[in-house]
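Protein chains in written order, with my numbering: chain A, 1 to 361; chain B, 1 to 361; chain C, 1 to 361.
It is possible that part of the hints are untrue.
[Said to hold, decoys possible] Heads up, simulated DSS-like pairs for lysine-lysine below, C-alpha to C-alpha not over 27 Å straight-line:
#, chain 1, residue 1, chain 2, residue 2
1, C, Lys46, C, Lys314
2, A, Lys314, A, Lys46
3, B, Lys329, B, Lys314
4, C, Lys86, B, Lys199
5, C, Lys319, A, Lys329
6, B, Lys97, B, Lys86
7, B, Lys329, A, Lys319
8, B, Lys314, A, Lys314
9, B, Lys46, A, Lys199
10, C, Lys319, A, Lys319
11, A, Lys319, A, Lys329
12, A, Lys199, B, Lys93
13, A, Lys97, A, Lys86
14, B, Lys319, B, Lys329
15, C, Lys199, A, Lys93
16, C, Lys329, A, Lys329
No lab work stands behind these hints: they were computed from the structure. Predicted, not measured: the structure shown is a model, and the values here were computed from it.
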Amino acid sequence: MATHTVSELAALAGARLEGDPARRVDGTASLADARPTHVTFCVDPKYAEALARTQAAAVVVPQSLAVSRGDLALLRCDDPNRAFTKICALFAKERPKPAAGVHSRAVVAPTARLGVDVAIGECAVVGQGAVLGARVVLHPGAVVGPDCEVGDDTELHPHVVLYSGVRVGARCLLHAGAVIGADGFGFEPPRALGEPWTKIPQSGTVIVEDDVEIGANATIDRARFGTTRIGRGAKLDNLIHVAHNCEIGAGSMLAAQVGIAGSTRIGRSAMIGGQTGIGGHLTLPDGVRIGAQSGVIGPIPGGVELFGTPARPKREVFKHYALVERLPKLVERLEARIAELERRLERVAHERSSSNQEHGA
Amino acid sequence: MATHTVSELAALAGARLEGDPARRVDGTASLADARPTHVTFCVDPKYAEALARTQAAAVVVPQSLAVSRGDLALLRCDDPNRAFTKICALFAKERPKPAAGVHSRAVVAPTARLGVDVAIGECAVVGQGAVLGARVVLHPGAVVGPDCEVGDDTELHPHVVLYSGVRVGARCLLHAGAVIGADGFGFEPPRALGEPWTKIPQSGTVIVEDDVEIGANATIDRARFGTTRIGRGAKLDNLIHVAHNCEIGAGSMLAAQVGIAGSTRIGRSAMIGGQTGIGGHLTLPDGVRIGAQSGVIGPIPGGVELFGTPARPKREVFKHYALVERLPKLVERLEARIAELERRLERVAHERSSSNQEHGA
Amino acid sequence: MATHTVSELAALAGARLEGDPARRVDGTASLADARPTHVTFCVDPKYAEALARTQAAAVVVPQSLAVSRGDLALLRCDDPNRAFTKICALFAKERPKPAAGVHSRAVVAPTARLGVDVAIGECAVVGQGAVLGARVVLHPGAVVGPDCEVGDDTELHPHVVLYSGVRVGARCLLHAGAVIGADGFGFEPPRALGEPWTKIPQSGTVIVEDDVEIGANATIDRARFGTTRIGRGAKLDNLIHVAHNCEIGAGSMLAAQVGIAGSTRIGRSAMIGGQTGIGGHLTLPDGVRIGAQSGVIGPIPGGVELFGTPARPKREVFKHYALVERLPKLVERLEARIAELERRLERVAHERSSSNQEHGA
Numbered sequence: 001m002a003t004h005t006v007s008e009l010a011a012l013a014g015a016r017l018e019g020d021p022a023r024r025v026d027g028t029a030s031l032a033d034a035r036p037t038h039v040t041f042c043v044d045p046k047y048a049e050a051l052a053r054t055q056a057a058a059v060v061v062p063q064s065l066a067v068s069r070g071d072l073a074l075l076r077c078d079d080p081n082r083a084f085t086k087i088c089a090l091f092a093k094e095r096p097k098p099a100a101g102v103h104s105r106a107v108v109a110p111t112a113r114l115g116v117d118v119a120i121g122e123c124a125v126v127g128q129g130a131v132l133g134a135r136v137v138l139h140p141g142a143v144v145g146p147d148c149e150v151g152d153d154t155e156l157h158p159h160v161v162l163y164s165g166v167r168v169g170a171r172c173l174l175h176a177g178a179v180i181g182a183d184g185f186g187f188e189p190p191r192a193l194g195e196p197w198t199k200i201p202q203s204g205t206v207i208v209e210d211d212v213e214i215g216a217n218a219t220i221d222r223a224r225f226g227t228t229r230i231g232r233g234a235k236l237d238n239l240i241h242v243a244h245n246c247e248i249g250a251g252s253m254l255a256a257q258v259g260i261a262g263s264t265r266i267g268r269s270a271m272i273g274g275q276t277g278i279g280g281h282l283t284l285p286d287g288v289r290i291g292a293q294s295g296v297i298g299p300i301p302g303g304v305e306l307f308g309t310p311a312r313p314k315r316e317v318f319k320h321y322a323l324v325e326r327l328p329k330l331v332e333r334l335e336a337r338i339a340e341l342e343r344r345l346e347r348v349a350h351e352r353s354s355s356n357q358e359h360g361a
Numbered sequence: 001m002a003t004h005t006v007s008e009l010a011a012l013a014g015a016r017l018e019g020d021p022a023r024r025v026d027g028t029a030s031l032a033d034a035r036p037t038h039v040t041f042c043v044d045p046k047y048a049e050a051l052a053r054t055q056a057a058a059v060v061v062p063q064s065l066a067v068s069r070g071d072l073a074l075l076r077c078d079d080p081n082r083a084f085t086k087i088c089a090l091f092a093k094e095r096p097k098p099a100a101g102v103h104s105r106a107v108v109a110p111t112a113r114l115g116v117d118v119a120i121g122e123c124a125v126v127g128q129g130a131v132l133g134a135r136v137v138l139h140p141g142a143v144v145g146p147d148c149e150v151g152d153d154t155e156l157h158p159h160v161v162l163y164s165g166v167r168v169g170a171r172c173l174l175h176a177g178a179v180i181g182a183d184g185f186g187f188e189p190p191r192a193l194g195e196p197w198t199k200i201p202q203s204g205t206v207i208v209e210d211d212v213e214i215g216a217n218a219t220i221d222r223a224r225f226g227t228t229r230i231g232r233g234a235k236l237d238n239l240i241h242v243a244h245n246c247e248i249g250a251g252s253m254l255a256a257q258v259g260i261a262g263s264t265r266i267g268r269s270a271m272i273g274g275q276t277g278i279g280g281h282l283t284l285p286d287g288v289r290i291g292a293q294s295g296v297i298g299p300i301p302g303g304v305e306l307f308g309t310p311a312r313p314k315r316e317v318f319k320h321y322a323l324v325e326r327l328p329k330l331v332e333r334l335e336a337r338i339a340e341l342e343r344r345l346e347r348v349a350h351e352r353s354s355s356n357q358e359h360g361a
Numbered sequence: 001m002a003t004h005t006v007s008e009l010a011a012l013a014g015a016r017l018e019g020d021p022a023r024r025v026d027g028t029a030s031l032a033d034a035r036p037t038h039v040t041f042c043v044d045p046k047y048a049e050a051l052a053r054t055q056a057a058a059v060v061v062p063q064s065l066a067v068s069r070g071d072l073a074l075l076r077c078d079d080p081n082r083a084f085t086k087i088c089a090l091f092a093k094e095r096p097k098p099a100a101g102v103h104s105r106a107v108v109a110p111t112a113r114l115g116v117d118v119a120i121g122e123c124a125v126v127g128q129g130a131v132l133g134a135r136v137v138l139h140p141g142a143v144v145g146p147d148c149e150v151g152d153d154t155e156l157h158p159h160v161v162l163y164s165g166v167r168v169g170a171r172c173l174l175h176a177g178a179v180i181g182a183d184g185f186g187f188e189p190p191r192a193l194g195e196p197w198t199k200i201p202q203s204g205t206v207i208v209e210d211d212v213e214i215g216a217n218a219t220i221d222r223a224r225f226g227t228t229r230i231g232r233g234a235k236l237d238n239l240i241h242v243a244h245n246c247e248i249g250a251g252s253m254l255a256a257q258v259g260i261a262g263s264t265r266i267g268r269s270a271m272i273g274g275q276t277g278i279g280g281h282l283t284l285p286d287g288v289r290i291g292a293q294s295g296v297i298g299p300i301p302g303g304v305e306l307f308g309t310p311a312r313p314k315r316e317v318f319k320h321y322a323l324v325e326r327l328p329k330l331v332e333r334l335e336a337r338i339a340e341l342e343r344r345l346e347r348v349a350h351e352r353s354s355s356n357q358e359h360g361a
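Same shape as in the complex, but just chain A (with noise of 0.2 Å):
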């Protein structure tokens, strides 16, 4: 197992370090898991006890927080998630994957067309016509439908689909389950009531750019006609739905169990929260923020973050949420203060008219 020194990592890290630059580690670990050997890292102050009882031999830590620890050796750094990144990419272990070459179980067509060094699993399949890039790695099960592009460097995690005819660019990440170029969901209605709805076919296909990572088990359907784009480096998590004609701009960011429905473009670099729905045909701007759990049904400004069904700018919805937290309250008040006052002028009426029959009559 390959060890460093702890002033190895401060190099590699750009970090100052404080304590024993000679000590060896050879590991990453949480605070709590952390060995003897490892390192670790703390960025929140609210995880101190957990740095106070670490068995960890370094811990990455921001250039300002207390540590009350002699024993440790600290990294301190400006950006210490980014640094243990770097930390954890030194030791990770290469995750094990199918052998270079056609695994004998695995089913390659006749006039696929194969990459140098592809590495193909068992039982994966790779259809007429499809093309595979330099180094493309299919594991167990994964399927290339014919017709296929997959680009250099490419791994398809076991049980990966892509139908026919869809396209997958270079160095992306494709995990297991994941389903690209399905039949987008598109029927004319009945035209009465018991009638069948009739299919639209569905003609076009996906194209997946480069640096691409598509979570376990998302569903990625072909358009209409046409293209469904995921954009240029695009991380999309487990469980997504992405429906026909979608484009998904470069560099955006969707979390779990997202769903977007038909047409809808996703601007470049948007970052959008678990579960959020987006409605069809909508056209969302670069950089747009939406939280979790949201849903968007028409059109959104630029330049906020949102929330909330129908989503609308995080800090309005807040400021909502807060309103009607107080409202039993509010209403209440307002209604002790109304009923004063109806107290009060049935005085003053009152006082009035026996006044009236004092002065007057």
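Since chain A is already given, all that's left is putting chains B and C on it; use the hints.
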């Protein structure tokens, strides 16, 4: 590649033709993607700019749409969507399918019975006693469990799983990764904290009737006993969950990521928006329409469109949204009126007391 | 087919029998589907009509349910659900499974170790160094990655995927398409707009403890480092997403389509309703109960049932719903009282000014 004249298309679509009837087209595309040999369509005036720039030869449009370009052949229709669907079907290339017969790498149990011209792809598996109708297509990796029945002309995409004993009708289309007949989620609660849940045997089955389409990675659980039933002609989108003992009425349409809890019955021709959740043991009337992301937690009235959590008539929900939206101003205004009343009453009381002092004593 | 007398069933279920003890039944069914040789059950008086019409021989009922039919054998129980579950288990046919041994079309790596009587179905794949306990069942297409461990008597349905290094305990049941151990969704944000996200290595693993059931197409991601853990006896329904580094407490019950963001810990015996979303880095107490479709975005108190987004005590939420429901009328009433006050005060002020004119000048 097949080509057709625009006058042929007009005849097919029942359209009134404006422009050169002899112009030939060889495919369909969107306004933006169309090339000079394509036919496209435009229904909504909001796409006027794309229409002004399209390179298409011909455009399917509504009777009334104003079009300023004389170079385009126009196919004017009463129902452009339906017309264009017919034209798309004309040009739709047959999607590649496994060849008829049983692939040498498929595994069919000796007691399974196969209809004429079945096509069973690589690594597909057909269990003991299963019965496949005529022309059934199993894409690579599809699994038909023991004792299943699959009707004529039904197509199972890669990695579809039918658990044992499930029945799927004729002309169904099941997309990749759909799982039909997994155990319903049923457990007897622990008698005391810390004791285990007791699994309730899920002895029933699933029946998917004719002409049903089920989306990628959708899951439909088998019944505790009896049958979970998907009615004839129902259309279910990707990642839908249907729990044990549910019944989905004929011709119903469920959008992506809908979840339906156990023993709920949904009437015929229901339309349910994406990500909606429906509680257990409910009965929803025929023709019910429920907006996206709603949550149905109690019995609901017929004849209206529902929305929100808990789901209520959509009109009311939007009235409530509007009210809550106005609430801060509304409360402010009420408070202002009350404060004004308080001031005026104070003044009246004060004047009265001065006046009494004037008149009295 | 095995048959039993209703008196045998009464003994098994601890029921008090009314009716002919010698009557024989050979299976279970719902009230509506039962035939004359079936035993069924009825707990809720709302099914009285179905009970009046059932063809069943015998019915499991609560002690107190009034039943007007003399021809039915009644099995009166304190806990009819639990009693009926025992009876169902008696009649439940063993679901077909792959035969013991390794199917000739399965692929088991030479360095994998297999326990006694494992049953490995068609096209299942077991990777290098994987260890399967005794009587483990792999249905067709299940993939056990390199270096995984699977405990005794655990069953993996078709196309379940265990990524490398994942550990699954004994007596677990994983339904078709479940994916355990895909990469957690972790990226360092771009330093500037347009730059790429940097993948954070996901070096940890997943441990699924004993007696866990995981639903079809559910996804449980591996930890960034350390372990994503599903506690002993937890039950997870279909299409659930559990992100990296989460811990689900023993005996917890998560309904379909729940999503849990990274590093959240859920206590023991939690009950979480369908489609609920839970934010990251939260700790939920033992025994927490959260209603369907809720959104948990902050720390939550113990000992209460939560509901809504953001999730709050259910009682409060429904109070708020009721308040918002009443709001239009409530505002109308407040406005009417204020208007009345304004009118009366106007009158008083007017009368006063006339009176002053009378008395004064």
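Now for the hints, and whether the structure bears them out:
1. Simply put, lysine 46 of chain C and lysine 314 of chain C have alpha-carbon atoms about 26 Å apart, close enough for the 27 Å limit, and the pair holds.
2. Taking the CA atoms of lysine 314 of chain A and lysine 46 of chain A, the gap is near 26 Å; set against the 27 Å cutoff, the hint holds.
3. Restraint check: the Cα-Cα separation between lysine 329 of chain B and lysine 314 of chain B comes to about 24 Å, which is no more than 27 Å; the hinted pair holds.
4. Using a Cα cut-off of 27 Å, the hinted pair lysine 86 of chain C and lysine 199 of chain B holds, with the two alpha carbons roughly 10 Å apart.
5. Of the pairs offered as hints, the one joining lysine 319 of chain C and lysine 329 of chain A holds, with about 13 Å between alpha carbons and a cut-off of 27 Å not exceeded.
6. Under the criterion of a C-alpha separation no larger than 27 Å, the hint pairing lysine 97 of chain B with lysine 86 of chain B is consistent with the structure, at around 22 Å.
7. A C-alpha spacing of about 13 Å is found between lysine 329 of chain B and lysine 319 of chain A, which places the hinted pair at or below 27 Å, so the restraint holds.
8. Between lysine 314 of chain B and lysine 314 of chain A the CA atoms are separated by roughly 23 Å; this keeps the pair inside 27 Å, and the hint holds.
9. For the hint pairing lysine 46 of chain B with lysine 199 of chain A, the CA-to-CA distance comes to about 25 Å; that is within 27 Å, so the pair holds.
10. Only pairs whose Cα atoms come within 27 Å are accepted, and lysine 319 of chain C paired with lysine 319 of chain A is accepted, the gap being roughly 19 Å.
11. Distance check on the hinted pair: lysine 319 of chain A and lysine 329 of chain A sit about 16 Å apart at the alpha-carbon level, within 27 Å; holds.
12. A hinted pair counts as satisfied when its Cα atoms are at most 27 Å apart, and lysine 199 of chain A with lysine 93 of chain B qualifies at roughly 15 Å.
13. For a cut-off of 27 Å, the pair hint linking lysine 97 of chain A to lysine 86 of chain A stands: about 22 Å separates their Cα positions.
14. Note on lysine 319 of chain B and lysine 329 of chain B: the hinted pairing holds, with a Cα-Cα distance of about 16 Å set against a maximum of 27 Å.
15. For the hint pairing lysine 199 of chain C with lysine 93 of chain A, the CA-to-CA distance comes to about 15 Å; that is within 27 Å, so the pair holds.
16. Of the pairs offered as hints, the one joining lysine 329 of chain C and lysine 329 of chain A holds, with about 17 Å between alpha carbons and a cut-off of 27 Å not exceeded.
Violated hints for the displayed structure: none, as all numbered hints are satisfied.
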